[in-house]
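Heads up: the sequence shown begins at 1164 in our numbering, then just goes up one per residue.
I should point out that these hints are in silico values taken from the structure, not numbers from a laboratory.
Note that the structure is a prediction, hence the values are computed from the model and not measured.
Among the clues, some could well be false.
[Claimed, not checked] Simulated pairs of lysine-lysine, DSBU-like, Cα-Cα distance not exceeding 30 Å:
#1 Lys1389 <-> Lys1425
#2 Lys1493 <-> Lys1233
#3 Lys1411 <-> Lys1455
#4 Lys1411 <-> Lys1223
#5 Lys1239 <-> Lys1223
#6 Lys1422 <-> Lys1499
#7 Lys1389 <-> Lys1411
#8 Lys1223 <-> Lys1345
#9 Lys1499 <-> Lys1233
#10 Lys1389 <-> Lys1239
#11 Lys1499 <-> Lys1223
#12 Lys1411 <-> Lys1425
#13 Lys1233 <-> Lys1290
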Amino acid sequence: MHKRAAPFSGGKNIEIYRLRGVQKSYQDEMVLDVESLSLESGLLHTVVGPNGSGKTTLMKLTSFLERPTKGTIEFKGGLFGPDTTVPQKVRRSVSMVIQDHYLFDGSVGMNVSYGLRARRHDPSFIKRSVSSALDEVGLGGFEHRRTDTLSGGESKRVAIARSVVLEPEVLLLDEPTANIDKISSEMIEQIALRLKSEGMTVIMSTHDFHQAYRLSDNMVSLVAGKMVDVSPENVFPCSILNNVATLKCGINISVATLKEGKGHIAIDPQDVLLSLEELESSARNCIPGTIKRISLEDSLVNVYLDIGTELVSSITRGSLEELRLSPGLKVYATFKATSVRVL
């Protein structure tokens, strides 16, 4: 495989995608509604949101595996809509690794070479390209390994190599680190970063907000099929009645809204105060929880609580030391009803 040249346009990356008024429905149920979205080339973009938020649907549309029900997708100057036939040249510019990927029975080399053989490349070129692609994903020398002997993480990396060997301009990875071990997850993260550094545009979906923050140059947050300008942590589906949002886990949260019915709420982690005892304050929400883990993020510390579901609080290092917080400790999370955003 040839090393890709990093995109350059006077210090600014070129827009490769622009979505306008894009909607996708299945059996009259709208699952994605994106008014406007622009993605630049040569970056690592993450699409983040809870299960059912529309991440995979957006990935399928931008990989041209499916067409939008309404709206247009502009890709490298071409405009594609509900009735547009996508040229083969465009399809070959984009490759997607789906979450539930499938490997053929047989050898790793046979799987990785599949696309090149379908395009009738020279056997010597195929052999070199497969070897290079496997090196790229940390599986050098695996050409003759049978796919039924691979671990989950190795299988995922073979699927990535099968796309990378085609040298697409855009690589889409749908939840690539879901349901695999930590070491394999870290390796896939490094693969994505390395491909970006070589000039490839990488679009990766994840429900792991911490992972999205660490990896991405640009993050797209989805909730219930819509882009939202909120921190992707602490977004909860709920049912609202009489200024009370009831989460799926049964927790009730006071909100300040006229809305009622099913929806989502979002709470900024920096608005969540932690204490060792229940606070006497005007804040209408004070919820007991147990610390699951603590993560240092630049000047702030993210504390992940189990309150029946996961709630994140962002505090200062000083507060962490003062409260002597540690995993397993029981604390109280306090926030105002006006801090809860109803989406």
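Hint-by-hint comparison with the structure:
| no. | hint | in the structure |
| --- | --- | --- |
| 1 | Lys1389 <-> Lys1425 | holds (15 Å) |
| 2 | Lys1493 <-> Lys1233 | violated (49 Å) |
| 3 | Lys1411 <-> Lys1455 | holds (20 Å) |
| 4 | Lys1411 <-> Lys1223 | holds (28 Å) |
| 5 | Lys1239 <-> Lys1223 | holds (17 Å) |
| 6 | Lys1422 <-> Lys1499 | holds (17 Å) |
| 7 | Lys1389 <-> Lys1411 | holds (20 Å) |
| 8 | Lys1223 <-> Lys1345 | holds (26 Å) |
| 9 | Lys1499 <-> Lys1233 | violated (39 Å) |
| 10 | Lys1389 <-> Lys1239 | holds (24 Å) |
| 11 | Lys1499 <-> Lys1223 | violated (39 Å) |
| 12 | Lys1411 <-> Lys1425 | holds (11 Å) |
| 13 | Lys1233 <-> Lys1290 | violated (42 Å) |
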